[in-house]
Structures are given as structure tokens and as C-alpha cells.
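Student: Position chain D against the provided structure of chain F, taking the given hints into account.
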Amino acid sequence: DAGVTQSPTHLIKTRGQHVTLRCSPISGHKSVSWYQQVLGQGPQFIFQYYEKEERGRGNFPDRFSARQFPNYSSELNVNALLLGDSALYLCASRVVTDTQYFGPGTRLTVL
Amino acid sequence: EDQVTQSPEALRLQEGESSSLNCSYTVSGLRGLFWYRQDPGKGPEFLFTLYSAGEEKEKERLKATLTKKESFLHITAPKPEDSATYLCAVQESGGSYIPTFGRGTSLIVHP
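Chains F and D are the protein sequences, given in the same order.
First residue of the first sequence? That's 5 in my numbering, and the numbers climb one at a time after it.
First residue of the second sequence? That's 478 in my numbering, and the numbers climb one at a time after it.
For the record, the hints were derived by calculation from the structure and aren't laboratory data.
Think of the CB as a built atom: it goes at the ideal place given N, C-alpha and C, for glycine as much as any other residue.
Each statement offered as a hint is correct.
Dumping the calculated DSS-like pairs for lysine-lysine here, alpha-carbon to alpha-carbon at most 27 Å:
1. Lys-534(D) - Lys-519(D)
2. Lys-534(D) - Lys-546(D)
3. Lys-536(D) - Lys-556(D)
4. Lys-17(F) - Lys-519(D)
5. Lys-519(D) - Lys-34(F)
6. Lys-556(D) - Lys-534(D)
Far from chain F, some chain D residues (derived; all Cβ distances over 12 Å):
7. Leu-490
8. Gln-491
9. Glu-492
10. Glu-494
11. Ser-495
12. Thr-503
13. Ala-530
14. Glu-533
15. Glu-535
16. Lys-540
17. Glu-547
18. His-551
19. Ser-560
20. His-587
Coverage of chain D stretches by chain F, computed from C-beta distances (three or more under 8 Å per stretch; other residues unrestricted):
21. 508-517
22. 522-528
23. 563-569
24. 575-583
For reference, chain F alone in the conformation it holds in the complex (with noise of 0.2 Å):
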């Protein structure tokens, strides 16, 4: 089976931009998590998703934005791009289980 998948594998933006990265589930998997890792630090909670519905959202500030759509599939949106927001950013996918599975990551670099 497939597991989590990512969208762009690296991207490049400049100071001000906006970003969508995109993230698909394993399959039969209804919840979606994102994360935000800079080097050297453990995953930042920023969203979770469970059946289309916001579930958690951590400290992040309104410039980050998500949904999940019908096919579980979910995107993150990051607008007005500050150079802070360099990051791998990571998307995990669960069950109804506790534990989360994570895809590849989208390493963003913000010029």
C-alpha cells in the first residue's frame, strides 16, 4: 500500500509570496495532521484535519491555513511568506488510532 505522499518534494519562494503544499493520505486513513520542522527541533503541530473539520490548531499564526477535502487529500496554505517560514514541513495521516504516519516532507526555502 501506499503510504503518505507530498507534494512539491522542494519549492523556492520569496519574502511576501504564498504556498500551497499538498498532502494525500494512506488510503482508507481520515485524519491529517501538519507539521512544521526547522533544523535542529522536533515537529511544530500546526493543523489537524479529521472528516473535513478543523480538529487542533497549534500556535501558528492566521497566515497558515488548511483544509481537507472529500478524498481525505488535504492542503496547506501559507501566505504573505516571511523568511522564518524555511522549514521542512510535514504531513502525517491516522486511523482512528492514535498513531500517525508521516509522508515525506516539503522543504520550503524562503528567499
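Tutor: Frame of chain F; chain D shown alone:
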């Protein structure tokens, strides 16, 4: 105060030299504790979930144990391919299914 603290931050071992990584946590109630392995620039790879004190799980050269305050990841006779960052995460009971991650332990195994 960090809910999840991992130590040491970095560990260098010779091939075959067994050791342990520590994850201490401060939550009022534990729903689950998770161990992941992460290679540079990649998404975390799931290793173990532990739910209650006294529980142990093994996979190849890795063994995870859990007490009421901490978890250990024991690495027996490590090989260079075990080199990675090992992340610990905890989910608090009664809340949403959102784990809090530690900063990880960077393990390097020299041949």
C-alpha cells in the same frame, strides 16, 4: 516547561557498542508514547507505540520501554545504518490526538 525532553541531544557510538536514549515526559495522563526514526531531510518513520508503564516493544536491534515518567530506546549492537535522529512524542489523555514531540537525539554509529 517542555512536556517532552530527550537526552542526550547527540550520541556517537562505535559499531557494536550498545546504548540507550532517554525520553522523559510531564503530562498528567498518558494516552500513548511514540518513537520515530528520522533520516536527514526525510519524514519521520514510525517505530513503536507504548501505552502503559511496564510495556516493552522490540524491532531488530531496537527495544523501547516505558515507565510512568520516561521511556528508553535501547539500541543493541548498533550498525552504521542505525545512524539517524530518534524522535519521541507523547499524547496526553483526555485531549485531542495531537502528539507533542521532543527535539530528538542525533545518533551516529561509526564503523
